[in-house]
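Chemist: For this one, chain A is given, so just place chain B on it according to the hints.
Those protein sequences? They're chains A and B, same order as listed. Residue numbers 1 to 348, in this note's numbering, belong to the letters of the first sequence in order. Residue numbers 1 to 348, in this note's numbering, belong to the letters of the second sequence in order.
Derived by calculation from the structure, the hints in this document are not laboratory data. All residues carry an ideal CB built from backbone N, CA and C; glycine is no exception. Treat the hints with care, as some may be off.
[Said to hold, decoys possible] Here are the computed lysine to any residue pairs in the SDA-like style, where the Cα-Cα straight-line distance is at most 20 Å:
id: 1; chain 1: B; residue 1: LYS346; chain 2: A; residue 2: MET198
id: 2; chain 1: A; residue 1: LYS346; chain 2: B; residue 2: GLN69
id: 3; chain 1: A; residue 1: LYS346; chain 2: B; residue 2: ARG190
id: 4; chain 1: A; residue 1: LYS346; chain 2: B; residue 2: GLN200
id: 5; chain 1: B; residue 1: LYS346; chain 2: A; residue 2: PRO66
id: 6; chain 1: B; residue 1: LYS346; chain 2: A; residue 2: GLU70
id: 7; chain 1: A; residue 1: LYS346; chain 2: B; residue 2: ALA61
id: 8; chain 1: A; residue 1: LYS346; chain 2: B; residue 2: PRO66
id: 9; chain 1: A; residue 1: LYS346; chain 2: B; residue 2: ASP196
id: 10; chain 1: B; residue 1: LYS346; chain 2: A; residue 2: TYR199
id: 11; chain 1: A; residue 1: LYS346; chain 2: B; residue 2: TYR199
id: 12; chain 1: A; residue 1: LYS346; chain 2: B; residue 2: GLN62
id: 13; chain 1: B; residue 1: LYS346; chain 2: A; residue 2: ASP196
id: 14; chain 1: A; residue 1: LYS346; chain 2: B; residue 2: GLY193
id: 15; chain 1: B; residue 1: LYS346; chain 2: A; residue 2: PRO68
id: 16; chain 1: B; residue 1: LYS346; chain 2: A; residue 2: ALA105
id: 17; chain 1: A; residue 1: LYS346; chain 2: B; residue 2: GLY214
id: 18; chain 1: A; residue 1: LYS346; chain 2: B; residue 2: HIS201
id: 19; chain 1: B; residue 1: LYS346; chain 2: A; residue 2: GLN62
id: 20; chain 1: B; residue 1: LYS346; chain 2: A; residue 2: GLN200
id: 21; chain 1: A; residue 1: LYS346; chain 2: B; residue 2: ASP195
id: 22; chain 1: B; residue 1: LYS346; chain 2: A; residue 2: ALA61
id: 23; chain 1: A; residue 1: LYS346; chain 2: B; residue 2: PRO68
[To be verified] Simulated coverage check for chain B against chain A, where a stretch passes if three residues somewhere in it have a Cβ under 8 Å from a Cβ of chain A:
id: 24; stretch: 11–22
id: 25; stretch: 80–88
id: 26; stretch: 277–283
id: 27; stretch: 299–312
id: 28; stretch: 328–337
There are 2 protein chains.
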Amino acid sequence: VDPVAMAEARTHQDRLTKPRGSLGALEDVAVRLAGVAASCPPPLPVPAALAIFAADHGVHAQGVSPWPQEVTAQMVANFAAGGAVANAFAAQVGASVTVVDVGVAADLPSMPGVSSRKVAYGTADLSQGPAMTREQALQALAAGIETAGDLVAAGNRCLITGDMGIANTTASAALISVFTGRDPASATGRGTGVDDAMYQHKIDVVRRALTANGYAEAGAVPQGQDAVLQALAAVGGFEHAGIAGLILGAAAARVPVILDGVIAGAAALVATALAPEAAGYCVAGHRSAEPGHSVALSYLGLRPLVDLELRLGEGTGGLLAHPLVSAAVRVMHDVATFDSAGVADKER
Amino acid sequence: VDPVAMAEARTHQDRLTKPRGSLGALEDVAVRLAGVAASCPPPLPVPAALAIFAADHGVHAQGVSPWPQEVTAQMVANFAAGGAVANAFAAQVGASVTVVDVGVAADLPSMPGVSSRKVAYGTADLSQGPAMTREQALQALAAGIETAGDLVAAGNRCLITGDMGIANTTASAALISVFTGRDPASATGRGTGVDDAMYQHKIDVVRRALTANGYAEAGAVPQGQDAVLQALAAVGGFEHAGIAGLILGAAAARVPVILDGVIAGAAALVATALAPEAAGYCVAGHRSAEPGHSVALSYLGLRPLVDLELRLGEGTGGLLAHPLVSAAVRVMHDVATFDSAGVADKER
Chain A
1 VDPVAMAEAR
11 THQDRLTKPR
21 GSLGALEDVA
31 VRLAGVAASC
41 PPPLPVPAAL
51 AIFAADHGVH
61 AQGVSPWPQE
71 VTAQMVANFA
81 AGGAVANAFA
91 AQVGASVTVV
101 DVGVAADLPS
111 MPGVSSRKVA
121 YGTADLSQGP
131 AMTREQALQA
141 LAAGIETAGD
151 LVAAGNRCLI
161 TGDMGIANTT
171 ASAALISVFT
181 GRDPASATGR
191 GTGVDDAMYQ
201 HKIDVVRRAL
211 TANGYAEAGA
221 VPQGQDAVLQ
231 ALAAVGGFEH
241 AGIAGLILGA
251 AAARVPVILD
261 GVIAGAAALV
271 ATALAPEAAG
281 YCVAGHRSAE
291 PGHSVALSYL
301 GLRPLVDLEL
311 RLGEGTGGLL
321 AHPLVSAAVR
331 VMHDVATFDS
341 AGVADKER
Chain B
1 VDPVAMAEAR
11 THQDRLTKPR
21 GSLGALEDVA
31 VRLAGVAASC
41 PPPLPVPAAL
51 AIFAADHGVH
61 AQGVSPWPQE
71 VTAQMVANFA
81 AGGAVANAFA
91 AQVGASVTVV
101 DVGVAADLPS
111 MPGVSSRKVA
121 YGTADLSQGP
131 AMTREQALQA
141 LAAGIETAGD
151 LVAAGNRCLI
161 TGDMGIANTT
171 ASAALISVFT
181 GRDPASATGR
191 GTGVDDAMYQ
201 HKIDVVRRAL
211 TANGYAEAGA
221 VPQGQDAVLQ
231 ALAAVGGFEH
241 AGIAGLILGA
251 AAARVPVILD
261 GVIAGAAALV
271 ATALAPEAAG
281 YCVAGHRSAE
291 PGHSVALSYL
301 GLRPLVDLEL
311 RLGEGTGGLL
321 AHPLVSAAVR
331 VMHDVATFDS
341 AGVADKER
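Extracted from the complex, chain A is given alone in its bound form (with noise of 0.2 Å):
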């Protein structure tokens, strides 16, 4: 990210017809974007495209989730059908819907929007051993980079993460343990409801997930493209591969990404841990139910624009926040100085 534009985007904030630092975190959203684009104002980022990495996950068989695993081909059809929250929410915001799916555990028929990049039928159990190879892992980071690259070749100025598979919140909470030093227990929630007793396993689960693949000593955080790549192939998601690829090539093209929630938490942390620079080009869309998104979002230094406890996934949280991101830099484009609007300034 650029910090000539950025300093250029809060000089210029404080010249605008509003008392300064009064829009609070969106005039950060704005310096930010400046940023980005490397040019104050920076451009409206619109048209803006969500795109869902849809893939089965093998600890599903460790009874992790109350949702049967069919339920990730069936909605990656609803979602294709336009029938999902994430449809109703893009077409609020004027959103494109691009499903990818990178590890689906199902042969999936052609559908419109749906494209295959498919690297497996679902990972391995990770509770086991690692969830995928480092291949595999590598395949499934391309699926996500050639996507944003795709998506912003299209002509889209906005790439919003969405994610979809059941049992995802899982490899979550074992990415997010692995790449923070937090122990599973602060890093892992109830997904889309577990009860008592499953969380309690489901902690357990996460943690024989840290011991089978050589993580179970806390702090020793993954540096280096090889660590890191390898963690990511042990306890990760093809989804999660997916768009942390996604979020890498957005910042190649220097377009903003909106991440989603505690799946999107879990791949930035492995984007930034390969490119530290990426985190510049992230916009945290919210903060979702899911403790472990609270230790990554924190652990990134990201603001959540929406905390509204969400724990949908699918890209809804991201979508929420697109609106609140363009009106941010549309301040910078609209809005009168001091001066142009013969408005009196502050006396002291």
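Modeler: Structure of chain B alone, referenced to chain A:
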């Protein structure tokens, strides 16, 4: 609000292809709007209209703001010219902007989008005695009620409150103190930017306002129409009365009203003290950085949708919330049910 439509909305939410409750606070918004419209699904809250009530304050003479009083009139001209942040946000969310002069301390030229309902050239100094006569308060209330009626008659299906008035956070703090029984120190904030010395002085001015008007005894919250009107007249502003009227008018027309920040919070305390059922028609757009706003929201039992430390007013926080409200309602229209989409439900 209609409890049958609300119950129907809750049931419908649970049939949609998403984990139950996974839209967090947005599910409550959709249910609330079903109650407002007495229909499920409720209509989309479009078109939306922002109504900015502008007025001046005699208490400005006490040195409670670093901004000159002339800025109120200058900002009205800025709204009319489309140059304020409220205009940028309104353009972003597709809302119209109407300015109502209920008491600006200057003769305003005729401007498009600005209607004159001037009650007086600013209020009297509330730290010395009543800010308005009872007749003046009623006149400003009526302006708000009629503005709501006009906007709904013009086809609007969502109203958003806005305000402009240098020194109006002082009157807001006094109203919030009186209507919640809280000490002025917890109801008073730094407004659009006062330093430490001015802040202590501002609290002292609010305290003097309560003493001068007979509200020094904490906890004597006004009850009954006469007492409420008297308190509004004593320590309020014309824009508070106007916004209280807008809320009452929206409720009468069964149209939801999105509240902006601390000025709207103070006005909502007045409106709901006059007609408790009006609370059901209000959606709290955001939580401002003003501490008194949190006091008011908590007293009203409203949860804000946006919480980004804005402290600008004008309706900016209310406008930012509008896409979130629309998204919440759109879910009720667009999203498939488990049955219709062929998606398996949770197993337990």
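Chemist: Which numbered hints does this structure break?
Modeler: Violated: hints 17, 26.
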